[in-house]
Structures are given as structure tokens and as C-alpha cells.
Amino acid sequence: MNSFTEENYLKAIFNLSEKSGEVTVNELSKALDIKMPTVTSMLKKLASKGYLKYTAYKPVELTASGKKEALLVIRKHRLTEMFLVEKMGFGWEEVHEVAEQIEHIHSPKFFNKMDEMLDHPTVDPHGSPIPDRTGKIHLKNYRTLDSFDSGDKIMIVAVTNSGDDFLKYLNSKNLNLGSQLEIIEVEKYDNSMNIRHDDQTVVLSAKAAEKILVEKI
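Number 1170 in our numbering belongs to position 191 of the sequence shown; there are no gaps in the numbering.
Hints are computed from structural coordinates only; laboratory data are not their basis. Remember, predicted model here, so these are calculated numbers, not experimental data. A few of these clues could be false.
Derived DSBU-like pairs: lysine-lysine, alpha-carbon spacing no greater than 35 Å straight-line [to be verified]:
1) Lys1066 with Lys1115
2) Lys1092 with Lys1147
3) Lys1088 with Lys1119
4) Lys990 with Lys1066
5) Lys1014 with Lys1032
6) Lys1088 with Lys1147
7) Lys998 with Lys1023
8) Lys1167 with Lys990
9) Lys1047 with Lys998
10) Lys1115 with Lys1167
11) Lys1028 with Lys1047
12) Lys1132 with Lys998
13) Lys1186 with Lys1132
14) Lys1132 with Lys1195
15) Lys1037 with Lys1024
Computed spacing ranges between beta-carbons, pair by pair [as the list claims (entries may be wrong)]:
16) His1099 with Met1067: 14 to 20 Å
17) Thr1017 with Met980: 26 to 32 Å
18) Asp1111 with Asn1170: 48 to 54 Å
19) Tyr1168 with Lys1092: 25 to 31 Å
20) Lys1092 with Asn1005: 36 to 42 Å
21) Asp1131 with Lys1024: 48 to 54 Å
22) Ser1044 with Thr1180: 47 to 53 Å
23) Tyr1168 with Phe1089: 27 to 33 Å
24) Asn994 with His1099: 20 to 26 Å
25) Lys1037 with Gln1080: 32 to 38 Å
26) Glu1079 with Lys1186: 22 to 28 Å
27) Ile1196 with Lys1009: 35 to 41 Å
Heads up, the beta-carbon is just placed ideally off N, CA and C, and yes, glycines get one too.
Kindly generate the complete structure, drawing on both the sequences and the hints.
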């Protein structure tokens, strides 16, 4: 059974590798807000357990077993977020911190029951894929909103940032998963977007548009 800390390291390494491909000790140290010597010590411990490959001054790489362990933690986190939204009425901007705590419960039966009660969802409230109980994940190559142009009609399918501030920003625009949009105009000066949604015009910053994943309709 892995510790709370070990699970956080594995999850962080997986998430960083998905974004940048390679994970350095320095990047991991910054992401976890933990000093380099402490990070190095934990990486050696995880390497001794067979979860990752670690050599000084080289990128950190998860092994197959390390990736599976990381994905099982992510599964618990995302299932919990979905349960909090669907069964308990939490907003999508409220669930991350609670899920961070619940994801470390070591009870497959508990999370499998949660999965069953939710009718086996494939994505969490933010559109991120939920790994299955064997640790397999099915990733989709969605495009970001800022890659589309005037006249395009799209639907929001996910967000790449699940932070409270960003989700509250989307709430203020009445935007969520499933929202159907038409791009009216892309401002040349700052790449902000004028969007039509529910017969209203919404202005989105370029910074927001790059964090919204959509598909064309």
C-alpha cells in the first residue's frame, strides 16, 4: 500500500508528463512545492519500488506499474469529483480540494460502488477522462477554442484548468460542458473572442479560450 505522499508524487509525474513529455526533478519540485533534496529522496524510493526510472540529472520516467498506480489515483479523484457534482449537488468549481483528500482512500470496493452509482461515467465534471478500474485511460485529441475562427460553431467538451478562479469565471459567463457556441469575431488586437451563446454575446479573453476544449458541431 502506497502512502499519501507517494501517490501524490506519482500523480504529479503523470500529469506533468502529459503536458510536457519529459519531467525534470526541478519541474516536479516546483509543481509539488517541495525542496529538491526531498524530491530526490522520494524519487529514489519510488524507483526502488519499481514505479519509475530515475537517474541523476536526467528526466524522470514512470514505469508501466508506476503509470498504472498514478492512473488509479486519478480514477479515484475524478470519480469523486463526479459523485460530488452528480449526487451531492456541488458546483464543478467546488470539488477539487475534497477529491484531493478522498482519492487516498484505499478501498477499491468503495470506488467501484461509486462508479456503479454514477452509471460508469467516462469523464469527470471538467471533461477529463476517467481511467477504468484496471488503470487504462482513453484520451481524446480535442482542440482548444482559440484554434477556431469566426463563423465556427462548437461545443465545450472539457477544460484544461480546473482551478476555482477559472471555473468561477466560466460560471459568470454561463458557460459549462455542453454549451454550444458560435464564434462571432476574433479581435485582432488581443485575440479575445466574441461568442454567441443562448442568444447572448459573451466576450472571452485569449487566456480563457486556450484553456477550453471544444469540438465542432
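Outcome of the hint check:
no. : hint                             : verdict
1   : Lys1066 with Lys1115             : 25 Å, holds
2   : Lys1092 with Lys1147             : 30 Å, holds
3   : Lys1088 with Lys1119             : 28 Å, holds
4   : Lys990 with Lys1066              : 25 Å, holds
5   : Lys1014 with Lys1032             : 20 Å, holds
6   : Lys1088 with Lys1147             : 33 Å, holds
7   : Lys998 with Lys1023              : 23 Å, holds
8   : Lys1167 with Lys990              : 39 Å, violated
9   : Lys1047 with Lys998              : 18 Å, holds
10  : Lys1115 with Lys1167             : 42 Å, violated
11  : Lys1028 with Lys1047             : 13 Å, holds
12  : Lys1132 with Lys998              : 27 Å, holds
13  : Lys1186 with Lys1132             : 20 Å, holds
14  : Lys1132 with Lys1195             : 6 Å, holds
15  : Lys1037 with Lys1024             : 16 Å, holds
16  : His1099 with Met1067: 14 to 20 Å : 18 Å, holds
17  : Thr1017 with Met980: 26 to 32 Å  : 21 Å, violated
18  : Asp1111 with Asn1170: 48 to 54 Å : 38 Å, violated
19  : Tyr1168 with Lys1092: 25 to 31 Å : 53 Å, violated
20  : Lys1092 with Asn1005: 36 to 42 Å : 40 Å, holds
21  : Asp1131 with Lys1024: 48 to 54 Å : 49 Å, holds
22  : Ser1044 with Thr1180: 47 to 53 Å : 51 Å, holds
23  : Tyr1168 with Phe1089: 27 to 33 Å : 52 Å, violated
24  : Asn994 with His1099: 20 to 26 Å  : 23 Å, holds
25  : Lys1037 with Gln1080: 32 to 38 Å : 33 Å, holds
26  : Glu1079 with Lys1186: 22 to 28 Å : 25 Å, holds
27  : Ile1196 with Lys1009: 35 to 41 Å : 38 Å, holds
Consistency note: the structure conflicts with the earlier hints numbered 8, 10, 17, 18, 19 and 23.
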